[in-house]
Amino acid sequence: MELFKQSSINWIGKKWWFVAISLFAFAIGVVGYLMHGGLNYGIDFTGGTLVQIKFKDRPDLDRIRAAMEQGAASAPLIQTFGPVSENTVQVRLQTALGAEQRVEVGRESLIATLRKTYDPEHLGSQQTDLNAAGEDALRRYLTDTDPDALRTRNKTSQEIENYYQNLAGSILDYRNKTMGGLVPSLQSLKEAGASDAVIAGLQKQFYTGPFAIKGLESIGAVVGSDLRRRAGLAIGLSFLGMMVYIAIRFKPIYGVAAVVALIHDVTITLGFFALTQKEISLTVIAALLTLVGYSVNDTIVIFDRVRENLRLMRKESLFNILNLSINQTLSRTIMTSGFTFLAVFSLFLFGGEVLNGFSFALTVGIIIGSYSTIALASTIVEWWYRTIEQKPKRQVA
Amino acid sequence: MVLVFMVICVYYFVSPRGKGESWMSRLNLGLDLKGGIHLVLKVVTDDALNQELAQDAEGISQELKSKNIPFTASKKGNGFSVETTGVDSARANEARAYLESTFGRRYSVRSAVADGKTNFSMSFLGSYTRELRESTVRQALETIRRRVDDLGVTEPTLQIYGGSGEEIQDQIIVELPGIDDPDRVKSIIANTAQLELRLVKKDQGGPFSSIESAVQANAGMIPSEYEILPYRDDREQQGKIEYLVVNKIPVITGKDLKTARRSTDSAGAPAVGFFLTSDGAQLFSRATEQHVGERLAIVLDDVVNSAPVINERIGAEGIIHGSFTVQQAEDLSLLLRSGALPASLVTLAQQSVGASLGNDSITSGIMASMIGFGLILVGMLVYYRSSGINAIICLLANLFILMGFMGAVGATLTLPGIAGIILTIGMAVDANILIFERIREELRSGKTVRAAVDTGFSKVFWTIFDSNVTTLIAAAFLFQFGTGPIRGFAVTLTVGLLANMFTAIYVSHRLFEWVLGTRRVEALSI
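Sequence lines, in order, name chains W and E.
Just so you know, we're using this note's numbering here: the first sequence kicks off at 1 and counts up by one.
Just so you know, we're using this note's numbering here: the second sequence kicks off at 1001 and counts up by one.
Any given hint could turn out to be false.
Said to hold, decoys possible - Chain E residues, not near chain W, derived (Cβ > 10 angstroms throughout): (1) S1081; (2) R1110; (3) N1119; (4) L1158; (5) L1257; (6) R1261; (7) E1441; (8) F1502; (9) L1511; (10) G1517.
As the list claims (entries may be wrong) - Once the Cα atoms are required to be at most 27 angstroms apart in a straight line, the calculated DSS-like pairs of lysine-lysine come out as: (11) W:K116 x E:K1186; (12) E:K1117 x W:K116; (13) E:K1186 x W:K177; (14) W:K315 x E:K1202; (15) E:K1076 x E:K1117; (16) W:K315 x E:K1447; (17) E:K1255 x E:K1202; (18) E:K1248 x E:K1075.
It should be emphasised that the hints constitute simulated quantities derived from the structure, not laboratory data.
Just so you know, these numbers come straight off a predicted model, no measurement behind them.
C-beta: ideal position from N, C-alpha, C; glycine also.
Given these sequences and hints, build the entire structure.
Okay, here's the thing in structure tokens:
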């Protein structure tokens, strides 16, 4: 099968269209940026606390919000996390940047508030919440109390220990893998292979709380600014490294053009983040780096073809050679982008909540990256030789 | 040869790590996929400096007393210094000689004369401050390592790390995968666990309901060798805090402990039993013999945990009770076993991923990746027909080499690492597409199948080389300067790209040659 025969589109001739499109996309980003007052940085960069909590029953966001707002320094951001049927919410508390306060404070008050609101009967009780218990505590309790009465059945202590270790493991696997982190009642542990005697024994020390903390992240302002600085440094230096390599392998202006195209891609993708107010976390930064990788790869494929054609067709003008090279590689550009888009888009659709920002960045980025390769990088090279360096140096590398 | 290499890779990818472990267990999953805890702790190295200054000030004052040199006071001054004031000028030279010979290596000693008395001011040398701070951080790391090992965490990562613009690296990164009760583990790691047994003041020692009443009871002035500490014995006081006046100098400290373990007190409640080293036991039995009938305060991190009356001489072991749960008693004994931290720790950042959240991420992440990968494979087959099989073999080979490498060196796979894999797969697909498109072009220009394949590969070589090397350069910088997640990305990307150059350029070419070599091919299915 072959979808694309050799095309003969005059790409470079349409440069003003491309400039217009890029400016338009850029303007959308600026509008989004101004409308929402900036990018929505994640707590990786701003400092703060982010907690995902799963509830037994459908959570009432307003009730949580009302409880949190009492005594909280800044208004918490509360939203549902993942599908509604999961009964999970995400709470975000912001700390003021620059203040070196203890990161524990926000988190501890948040959990205390939740306990007070949703689980008042167990405040200060000696019982343990099974939904917050670790394997150690469970195993130790089971081994100590021996609800299945193994000690009466002539077992070695090693056998007893292994038995309860496995039981504790399967109860927690049931909680974490089957039930998504929250067991509704001790009775339901039957499904995890616990006997009636074990459940009765557990009831003396354990109860099942109405919510469970699935994930929690607290970043102090100091670490936040450090992470931001390091991420910036890493990205800046890697851009520089790529520019130098391309400049050596091709011509200096090719390196500059490639990096300008990359900055274009990253800026416009960030514009979409400003518009949708999706959160920018370290994972999203990894996604931006991925799109940089794709985009520079595309650009080099075209430049490589230009290099080859310049050698083959010494009489042709640079303008025509650039057009020809883009056309010759067009089929490949579209196929590659199409396939990677498939992979990334399926990650966006099925990848779940945690991967959402990541796959969004890639989905948007791949489209923009392919576009900028065709539209921008070559145009810059052509513009350079037409206006700045009047006589194009034809021998490239 | 290639085949043997592939088999090795597949072996490292899927084989269990050891007996009784599950398939693919060589692959370490990062916190974000497995659940666990990540902490950034700052060691408050000032603590260690202040402690040493206070000790030296105390040492000076004892030495001057024993030499009968008159002086007013010797105490810790502002800005990491020890101030010895009011030394009799007639004997100032003697005092100076002593200070310089004993402390000259660590301090710079200056003196000034005022009102016929000489004042000495000693401040830490810059190089020594640095040395002490660094060794404090290293000691803290060692203590944390002992605690983590005692907890039985598998694959912990402990690392000293520098903040921005800091003079020294005073942060410690702790990563513990697979932890399911992060709050408890965190409190174990960051707890100073400074245990001291000190005598309570014999008369008017308390307990008092407030600091003021303690001062009042002692005629408005606490003697300099005593201090007031909060007293919290949950079992007897139901959460109410009282205060005790206790001796500043401990009888024994955590350093004199041989070991500690969970036990039960006389009432059968969980408690912590401790055992002293032979030196510690000697000190302890002498002190308890001399002070029968007085109270002994068990001080943990400057809070009196309990203050039992000494009934008789105590030998090598003792017991700490409080209203512990079994778990708390277990944890405290672990802390005492592993020793105290040399300075307090401040948590700069904490991330804990519940096992269930990690499980969600990996399930949906793997499913989505499979779907995406499947779509690519089907697409390649439809578009490039039989040659698509070649591409699929190369893609799978690439994936196996990458995963095999990760398994063999025990690298950790994280969410951003998966991003690196996706980029690798994208570039591998691209390499194949580049080759196929080029072969098609050559076929169109009328070349024979064999010539078209050979020219295709040779022409595309530099394209693939340049694009992969450019991305490798970027990956190298990201690895060098990036932090945790960005590094994970850089690792999978680097390995993936190297594997890609090998599979796309070499393996794919051999496959074509092998197919073309076995029979005469008139038309290539591409």
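Right, here's what the structure says about each hint:
Every Cβ of chain W is farther than 10 angstroms from the Cβ of S1081 of chain E; the closest lies at roughly 25 angstroms, confirming the non-interface assignment. Listed as a non-interface residue, R1110 of chain E keeps its Cβ farther than 10 angstroms from every Cβ of chain W; the least gap is roughly 33 angstroms. Distance check for N1119 of chain E against chain W: the nearest CB is about 35 angstroms away, which clears 10 angstroms, and the non-interface claim stands. The Cβ of L1158 of chain E lies farther than 10 angstroms from every Cβ of chain W, with a closest approach of about 17 angstroms, so its non-interface assignment holds.
Non-interface call for L1257 of chain E relative to chain W: holds, since the shortest CB-CB distance, roughly 23 angstroms, exceeds 10 angstroms. For R1261 of chain E, the non-interface assignment is confirmed: its Cβ lies about 14 angstroms from the closest Cβ of chain W, beyond the 10 angstroms cut-off. Distance check on E1441 of chain E: its Cβ comes as close as 7 angstroms (rounded) to a Cβ of chain W, failing to clear the 10 angstroms threshold; non-interface status is violated. For F1502 of chain E, the shortest C-beta to C-beta distance to chain W comes to about 17 angstroms, beyond the 10 angstroms cut-off, and the non-interface label holds.
The beta carbon of L1511 of chain E sits about 20 angstroms from the closest Cβ of chain W, which is more than 10 angstroms, so the claim that it is off the interface holds. The Cβ of G1517 of chain E sits about 26 angstroms from the closest Cβ of chain W, beyond the 10 angstroms cut-off, so the non-interface label holds. As the CA atoms of K116 of chain W and K1186 of chain E are separated by approximately 23 angstroms, the hinted pair is consistent with the 27 angstroms bound. Under the criterion of a C-alpha separation no larger than 27 angstroms, the hint pairing K1117 of chain E with K116 of chain W is inconsistent with the structure, at around 63 angstroms.
Restraint check: the Cα-Cα separation between K1186 of chain E and K177 of chain W comes to about 24 angstroms, which is no more than 27 angstroms; the hinted pair holds. Proximity of K315 of chain W to K1202 of chain E is assessed by CA-CA distance (about 105 angstroms); at most 27 angstroms being required, the pair is judged violated. Between the alpha carbons of K1076 of chain E and K1117 of chain E the distance comes to roughly 19 angstroms, so the proposed pair stays at or under 27 angstroms and holds. Restraint check: the Cα-Cα separation between K315 of chain W and K1447 of chain E comes to about 25 angstroms, which is no more than 27 angstroms; the hinted pair holds.
Only pairs whose Cα atoms come within 27 angstroms are accepted, and K1255 of chain E paired with K1202 of chain E is accepted, the gap being roughly 26 angstroms. Straight-line distance between C-alpha atoms of K1248 of chain E and K1075 of chain E comes to about 15 angstroms, which keeps the hinted pair within the 27 angstroms bound.
Hints 7, 12, 14, counting from the list given before, are not met by this structure.
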